Every structure is written in C-alpha cells, then in structure tokens.
Amino acid sequence: MSTDLNLVPTGGKLTTGTSWRERFGGLGGNARQYGIFAALVVIILLFQAMTGGRLLYPDNVAALVNQNAYVMVLAIGMVMVIIAGHIDLSVGSVVATIGGVVAISIHDWGLSWYAAVALALVLGAAVGAWQGFWIAYVGIPAFIVTLAGMLVFRGLALAIVSQSIPVLDTTFNGIMANSLPNFLGRVGNADVLTLVIGVLLILATIWAQLRARTALRKHNLAVEAVGVFVMKVVLASAGIGVVAWLLSRSTGGSPIALVICAVLVVAYSFVMGRTVFGRHIYAIGGNRQAARLSGVNTRSVDFWIFVNIGVLAGLTGVIVTSRLGTALAAAGDGFELDAIAACFIGGAAVTGGIGRISGAIVGALIMGVLNQGLSIMNVDPAWTKVIKGLVLLLAVAYDLVSKRRAGTQ
Amino acid sequence: MNERGGAPLLSMRQISKRFGAVEALSGVDFEVRAHEVVALVGDNGAGKSTLARMVSGVLQPDAGIIEIEGQQVSISSPSVAHEMRIATVFQDLALADNLDVTANLFLGHELRENGMLQDGRMEQITRDVLAKLASRIPSVRTPLSALSAGQRQSVAIARTLIGDPRLVVLDEPTAALSAVQTAEVLTHIERLRDLGLGVILISHNMTDVRAVSDRIEVLRHGRNNGSFDASRTSFEEILAAITGATHVEPGLRSVG
Ligand SMILES: Nc1ncnc2c1ncn2[C@@H]1O[C@H](COP(=O)(O)OP(=O)(O)O)[C@@H](O)[C@H]1O
Ligand SMILES: [Mg+2]
Numbered sequence: 001m002s003t004d005l006n007l008v009p010t011g012g013k014l015t016t017g018t019s020w021r022e023r024f025g026g027l028g029g030n031a032r033q034y035g036i037f038a039a040l041v042v043i044i045l046l047f048q049a050m051t052g053g054r055l056l057y058p059d060n061v062a063a064l065v066n067q068n069a070y071v072m073v074l075a076i077g078m079v080m081v082i083i084a085g086h087i088d089l090s091v092g093s094v095v096a097t098i099g100g101v102v103a104i105s106i107h108d109w110g111l112s113w114y115a116a117v118a119l120a121l122v123l124g125a126a127v128g129a130w131q132g133f134w135i136a137y138v139g140i141p142a143f144i145v146t147l148a149g150m151l152v153f154r155g156l157a158l159a160i161v162s163q164s165i166p167v168l169d170t171t172f173n174g175i176m177a178n179s180l181p182n183f184l185g186r187v188g189n190a191d192v193l194t195l196v197i198g199v200l201l202i203l204a205t206i207w208a209q210l211r212a213r214t215a216l217r218k219h220n221l222a223v224e225a226v227g228v229f230v231m232k233v234v235l236a237s238a239g240i241g242v243v244a245w246l247l248s249r250s251t252g253g254s255p256i257a258l259v260i261c262a263v264l265v266v267a268y269s270f271v272m273g274r275t276v277f278g279r280h281i282y283a284i285g286g287n288r289q290a291a292r293l294s295g296v297n298t299r300s301v302d303f304w305i306f307v308n309i310g311v312l313a314g315l316t317g318v319i320v321t322s323r324l325g326t327a328l329a330a331a332g333d334g335f336e337l338d339a340i341a342a343c344f345i346g347g348a349a350v351t352g353g354i355g356r357i358s359g360a361i362v363g364a365l366i367m368g369v370l371n372q373g374l375s376i377m378n379v380d381p382a383w384t385k386v387i388k389g390l391v392l393l394l395a396v397a398y399d400l401v402s403k404r405r406a407g408t409q
Numbered sequence: 001m002n003e004r005g006g007a008p009l010l011s012m013r014q015i016s017k018r019f020g021a022v023e024a025l026s027g028v029d030f031e032v033r034a035h036e037v038v039a040l041v042g043d044n045g046a047g048k049s050t051l052a053r054m055v056s057g058v059l060q061p062d063a064g065i066i067e068i069e070g071q072q073v074s075i076s077s078p079s080v081a082h083e084m085r086i087a088t089v090f091q092d093l094a095l096a097d098n099l100d101v102t103a104n105l106f107l108g109h110e111l112r113e114n115g116m117l118q119d120g121r122m123e124q125i126t127r128d129v130l131a132k133l134a135s136r137i138p139s140v141r142t143p144l145s146a147l148s149a150g151q152r153q154s155v156a157i158a159r160t161l162i163g164d165p166r167l168v169v170l171d172e173p174t175a176a177l178s179a180v181q182t183a184e185v186l187t188h189i190e191r192l193r194d195l196g197l198g199v200i201l202i203s204h205n206m207t208d209v210r211a212v213s214d215r216i217e218v219l220r221h222g223r224n225n226g227s228f229d230a231s232r233t234s235f236e237e238i239l240a241a242i243t244g245a246t247h248v249e250p251g252l253r254s255v256g
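Those protein sequence lines, which keep their order, are chains W and X.
Counting in the numbering used here, the first sequence runs from 1 upward without gaps.
Counting in the numbering used here, the second sequence runs from 1 upward without gaps.
Don't read these hints as lab results, they were simulated from the structure.
Misleading hints may appear alongside valid ones.
Here are some of the chain W residues that sit facing chain X, going by a computed Cβ distance under 10 Å [unchecked claim]:
{"no.": "1", "residue": "Arg274"}
{"no.": "2", "residue": "Gly352"}
{"no.": "3", "residue": "Ile354"}
Quick caveat, the model's predicted, so the values are computed rather than measured.
Quick reminder that beta carbons are idealized off the backbone N, C-alpha and C, glycines included.
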C-alpha cells in the first residue's frame, strides 16, 4: 500500500462526519446517519399503510411520544456510555429504585412534586457516582459493576416498594399525562401553541444550518452542494412541520414529555459536539490509551459519564412513576435492553468511539414505532419482541457489512 | 534562550526504573540542550521508550533526578509535561482513529471559549501546521481511520507543533515510513532544532540518526553504554556500543 497517495483535496463534497454542524445537528452528511432517518421514515410509512392510517392519528402520535420517552431519555445517557466503550446494565433497576423513593417521598413524607423530582435527580447522580467510582477509579469493568447494580437496585426496589406505592399528587402525575397549556387557543382543530413551536423550530433549524454553512465558508472548508444542502433543510423542516401539525390536532397539543425529550436532545447534542467533555468521550472510546497520553483525564470522564446516566435514570424514574401514577417494584424491567438496542440501531459502534445522540433517538423511535404499529395491528406482544430482536440484529449486521465493504475499497 | 549559565534544557541523572523483576533502567544519565538533536539508540528492550516516557510524564522514575533548565522537576503526568512545553510523538502513535485530524492534533489541549470548542480556529491552525510540514493530508476533517501509515505519522508529528514546545520527544518516528516520508520527517526534525528546540530522537535506523543528530547516546540493558559525537563517529563504533562489543563503564564514556 502506498503511503503517499496523492489524494485530491476535498472538493464540493463532504466526505467526513465530523464537522460541528454534523455533530450538533445529527443530520449531517454521512450516509449511515441519513440511512437511519430513512429507515425511520420507511418504517413509519409502512405501518401507516398497514394500520390503515391509524399509526399517525394525532392522539397516537402523542401517545407514541409519551410511551417512548423513557427509552429516549435513557438512550441519550446510554449512547454516551457506549461511545466511551462501556455499557450500563443497571438503568432499569435504578429507575425502579428511584421511582420507589419518589413515590414514598410524596406519599409518606409529603414532599412537593418539585422536591420529589429534585430528589430523584440527586439520587440518580449519587447512584451514578457510586458506579462511576468503581468503574473509573477502581478499574472494574462497567459490565460487571452495572450487572451488580442491576441486582442491587432491583433488590432495593423490591425492598422499599414491595409491590406498589400510589402517587396522588396530580401535578406530579401531570408531568406525563399533560401537555403544554393551550393558552394560545385553537384555530379550527389545531392547537396554536404547538404550531407556533413548530414554526419556531423550523426557523431555528434553518438558521443553525445556514450559520454552520457560513462558518465553514469562513474557514475555507468544504461545504455540501447547494442542492444537497437545500434538500436536507427542506426535509428536516418538513419533518418538524408534519409532527407539529399532527400534534396540534391531538387532544392535548404538545406533550410535556416531548418538550423534555427535545430539550435533552438539543442540550446533549451540544455537549457531545461542541464541548471538550464530549470530544473527550469520543476520544477515550476511540483510543483510551492515546487519550490518556495526550493528557485527557480519562478517569474523570468515565466517572462523569456514569454520574450523567445516573441522573437520566433518575429522571426516567420520575417519568415512569408519573405515567403510571404509581411506583412498581417491577418498573423499568428490561429498560436497559431497550436503551442499548436503541443506541445500536441508531448506529453506535459496539467497539466504542462512534455514535450520536440523534442516532440513539432515532433508534428509540424506530423501536417505538414498531411497538405501536404492531400493537395497533393487534400483533401478539410475544411476536413484537421477536421482531424487535431481529431488527436489532439486522441493523448491526447491516452496519458491519457496509463498513467491511467500505474498508475493502 | 536561558540565562542560567548554560544549564541544559533537560538533564536526567542516575535514573532507575524497574517493572517487577525487569530492571528497565539503572543509573542512566541523559542530557539535552536547546538547539540540539540527541539520538537515543539501543537494542530492543534497552529502555529507550521507558526513558522517553519519563520525559513525557507517562512514567515516573523510581530513583534519580530530572531537571529542566537547571530546576528540579517532577513530570507527574502528560498534562504536566505539556505545561512544561514538552511534546511527544509516542512509538505506538497515540492517535484516536475515530476522530478527525484536527481533533487529534488538539486532543487533550482543545481550544475553548466559554467551555465551547473552537473548531473553526483549531481547523485553521491545523491547516497551517500541515502546510508547514508539507504533508499530504486530504482534509483536516478526515477521520484518522481513513489515513495511511505515513499520513498518520504526519499527524502525530504535527501534534508536536501545537502548543509552542521547547523539547520534543520522538519515539521511532520513522519506523512505519517510506524513504520519502522519512526524509520529510528528518527535515522537520532539523527545522525544530533551527527553531532552537531540544529534540530527543529514538530510532533503530543508524542512517537517520547520523543524518540529523548532534549527539548519540547508547543504552544497553538499561544502562548508558556510550555517548558519541554524531559527526565524528563511525557507524561501526555505534553498532559496537549497541551490541555490547564495546562496554563503557560509567565515567569512562568515550567521546569522539
Ligand atoms: N509497562 C511495562 N511493564 C513491564 N515491563 C515493561 C514495561 N515497559 C517496558 N518494560 C520492559 O522494560 C524494558 C525496556 O523497554 P523499552 O523501554 O520499551 O525498550 P526499548 O524502547 O528500548 O525497546 C523491556 O524489557 C520491557 O519489556
Ligand atoms: Mg521502544
């Protein structure tokens, strides 16, 4: 192999997936990323057809968001863990434990809803710090530490919740049951606030994309062809527009769960794409030794990744308890697997170093749409599991095969 | 450069290090001055990388003294080394395959503003640095996984130009390179010396070593085994010191 290939400098086309715009927007110019979005759209259209249009009934769209908020929140934390080359098997159990404490704090101690939420987040951070300590500073593999955590926290959940604890605080339960207040009223059938948010998001998307393009120009870096760029922006805007339009016609408008997820996606995409912490997560996942030799404090990064997923598991405890209006000892069962599957369907690499927040979210949505579509079609949940398992396998297989092909060019 | 009456840039005295039963270094002396390229040669396992890693802050000596410009220091971590303006190209290329060229150049020392990465500025500097090295990298945003061995080496060497170093450590920088690329690396090393830096060059290749270095230090089984003036020593003399055909007692080091 020649080592001094006279490689042509990049022309009009973007061949790498690493500009901040791509990291930030997650809509960037790499085929894998487009592939996941395309797969989501195809699956939605498929089920839309197979359910006779019921999949995208406005209320079903709102329900889809509420039912899958837990996977999205956990998948955000999980994809960071996976990018860093770790895994977290404990989140489902942590969700149950913290959900239990939250219910007790409201039911028995009379805590207000916001104090209970704060408690959940703090507890989540504490759990994460506990596991992060063993992983980062003692050097026990995350697989083992979180496997132990899975047992420990499931046991604690059983001990404190026993079976179930009701939560009667309507504001707390409203976190998942309610939508943003429709204070702008409705025009025809549509909630105006939801439409306004949709328009603002579209404008923000266009602005961010244009700004990024200008920045690339300023630094003399390659930009996409105008056609590709316009199409990307149009498609993204159309996607936001369709979702906003559908939700505006749902009973509630914009579910609060959606707002939570959207804020998290934007915030964490920013963290992963634009901050030193995010850069270092990718670095230690790509080559831990190199990162350490370069002066990255790998232990500290590892530690905070687990604190972070602990906080998100605490938030998920709130989400799940609020949605059910009760804490269950069995809550969160299998959530870790859903989150991990979402990450891998969304393009995270098993070996670490590669993955995106947006990818994990799309992975979560693909699984959510599968769930919802199959349940509308009255498919036995047993078969739903089989189908989801096969989708995961195919997604990762597709990834490996396409990488191998790319590698042998 | 320094006003300390010519105290060497780096001075290591009586350095020892063991890994379990292996005595990797024992009582090694080593010096580098500004404007000087010092080659560190020796057989496999002689302890060259171990000594280099102490300068880079990756390892700490069990015994011995390290001085920078006459001041005793403890280089306790790679970041401390960076703060002391010591840059290193590690033997096993400390690069992250999943990151692009820019991210690798600045890894561990990212430019930031209000906690945000300044990718634009970092890319600009990267392009300047690569241009200076005349390296053939397709784009500063190419992931490392897409580069050839030679291109990766360019990136590793370009890293040393970030952060205004005064001492550069290169551990086997030409091992994976073609003749043309090796020549480029050697030119770069000479440029570093012309800039007034001290350079430690570890290499197996005697031709390379004699081409650019001012002084050649031989290690054998973790001990000093000769210090030679590169311009006045024959190939055979150095080889003899490396293989142990000539044995140099401490204090009786043959010079010239
Ligand atoms: N981290 C380590 N753990 C144990 N032994 C080591 C370690 N690093 C180096 N050694 C040993 O120390 C000796 C010197 O190694 P090294 O400095 O890498 O030699 P060189 O770079 O000259 O080939 C060798 O015997 C090697 O096996
Ligand atoms: Mg070595």
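Violated constraints from the hint list, given by number and in increasing order: When the structure is compared with the hints, none of them turns out to be violated.
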